[in-house]
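Novice: Sequence:
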Amino acid sequence: MVVCLISAPTVAEFEEAAEAESEQVRESAGELQLGVMSLAAVLQSNGCPVKLIDLNHQYYRYLSVRESCEEFCTWASKLIASESADVYGFSSICSSYPLSIRLACDVKALRPDSTIIFGGPQASVVDAETLLTFPFVDLIVRGEAERTFPALLDELSGRKRFDNLAGLTFRDGNHIVRNPNASVIEDLDSLPTPAYELAENLHELNFASLELGRGCPFACKFCSTNDFFRRRFRVKSPRRMLDEMRSIARKFGFRRFDLVHDMFTVDRRRVVSFCNELLSSGEKFKWSCSARTDCVDTELLELMAQAGCIGIFFGVETGSARMQAVIDKHLDIPQAKAAIDAAEGYGIATTVSLITGFPEENVADLRDTASLYMHAVRTPNATPQLNLLAPLAATPIHRQHVEELTLDDLCSDISHQGRFQNVVDRLLIQTHRDIFPNFYLLPTPYLDREYVLELREFLLMATARVRWLLAALDASTSGILDVFSEWRSYRVEHRCGLTGGDLRHYYRLRTFREDFINFLRSHVRDWSSLSVRALFEYEVALQQAIREHETLPRVAGCERVQAPFERQDRPQRNARVYSFELEWDIQAVLNHVRRREEPDERVRRHGFYATRPISKESTRLVEIAPLGAFVLNLCTGVATIEQIIEQFATTFETQESLPPDLVCISLLEELSKRGFLAIYRSLGSATMSPHSEAVECRALSFAGC
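Going by the working numbering, 210 is the number at position 204 of the sequence shown; the sequence numbering is gapless.
Hints should not be assumed to be uniformly reliable.
Claimed, not checked - In the DSS-like style, the derived pairs of lysine-lysine whose C-alpha atoms are separated by at most 27 Å in a straight line are:
no. : residue 1 : residue 2
1   : Lys227    : Lys292
2   : Lys227    : Lys257
3   : Lys292    : Lys257
4   : Lys57     : Lys292
5   : Lys57     : Lys290
6   : Lys257    : Lys290
These are computed hints drawn from the structure, not numbers from a lab.
This one's a predicted model, so the numbers in the text were calculated from it and none came from an experiment.
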């Protein structure tokens, strides 16, 4: 019996390729599908042939040959059916459950004799409703599948008696039978290592996900995790984890790991044991994990950092002490801020996840959450998140408000991130609220839903585009909510009529940044805040530099070359490298903003700056020396090295021991090494011979260039 396992897609809902190509979406889509990989390994150990289809990977493959994503479901279902499996196992999550349903329908039509089995978090809690509604879904495995699924395959190959299979939901004539839950797998060390070799995108990743354990002992009202894993906290042994890390490093070359567990640090003793195991091994692995802010302290964070921890996901959810009690999270907000700060002090990057849109939440609660969000903004290595609450099926908050759910375009970003929603998906959601409740809205009687939606878009996109200016505005005013309210009035006046997906799209455009700068230019009444003035002038200078850079011609008919350079080579600044000068010590200004302090006049200092790309979408601002700035500005792709040397020589006097051509070429070489520019040579140019005229270069060092 051949089994094909299909991962739950997370990105296939995007209607436009540009949305799906963003760095954040790409990174999320690249995460390994540990659930299906773990099940695949168990099936392989039982001698069952297994195929695995990662729909995220296939989605990007689809985008590479199609301009529109409209027909992805048809394309993907044909791909799945082409595997000619006897059993198709679909993993499921809430956000893509409509797509998974449509895929299963199409696969069943193409392979009518196959068995369609659903599993995963979403199918596990809407199992009976799914079987009642969609006849092409044959069986549903609830909860952890590594024990139930192999036993189910045995029955499918034989008597097909399902009544004794714990964790299974099935049809018996016209009735839906829901067997008792299966016991959780207590000894996770007994499971084989997930089948990493089946992952289609492994070669594209710079880190590997690795399951550390399962189960969260807490009972937050909005969360579905505690139901899926029965609130049974389990962790693999330190020795097993180290063995898996070593094995994956040896086979696939990974040295960085995302250790997957909703609440790793609940058991401090196990964390200490794991860290000590890593330290004594001598391995230099880097890893990230998830934790509660009340389950870490400075001593533990220091040990984790020493053992290679470089990132922690903190699900704080709300900055309101009142709402912490309402949602049964029960975190202390000052302690949460202290944990974020302590992690920063040990060089551990943090993700600070927050949620808004709770039915009981009021404006004061929202202000507290925005304040915590801004605390993360002021923390350089923290990434704040703000999500709209989704009523996940079978959670306490869903059961409490099930009769109050409404559907409109302002659904949670947890459920839908794309600009537009698929029409067929939309019809399914409208027709079957009991199966797709996460696409509906909970009542927010004390908050304007549209206000909250736009606040989320504003904070996330302003953080991405003008982070430190946003922090300075928060520190110099009565709070970021008041800044947003004024901005929103301005936006409505100048960009009226934007709602839903169009509003989300607007905030992702450069137009938003330009509009926000214009808003500040006309609405900041008091420029006495030096931090706001300095960072505003920085943003204006950057905006001007971007416009000037876009007018530069791109080098054509040339190839990129490395040193040694020839005099007719043409240097050009790399993409997203912008240079400008300011009358401010920007680093000093940022230091004050991080401490929520107002700087004094000593931050006024003339300097030259340039942006340098550090990833596909991110850049870093660095101060450069005047000579380096002068040369960088001449690197337009038009002037040759010889012409740049001539301009340099007529502008600057150099010592006799350091002739202008030597100084200039050394600067070009250093700027090239640091990623600011590239050197191009016309195609067909003769290769430099020993007698060719070339630019002599000796090792020189220029601080900050």
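Novice: All the hints need checking, so say for each whether the structure fits it.
Specialist: Here's how the hints hold up against the structure:
no.: 1; hint: Lys227 / Lys292; verdict: violated (33 Å)
no.: 2; hint: Lys227 / Lys257; verdict: violated (41 Å)
no.: 3; hint: Lys292 / Lys257; verdict: holds (17 Å)
no.: 4; hint: Lys57 / Lys292; verdict: violated (30 Å)
no.: 5; hint: Lys57 / Lys290; verdict: violated (33 Å)
no.: 6; hint: Lys257 / Lys290; verdict: holds (16 Å)
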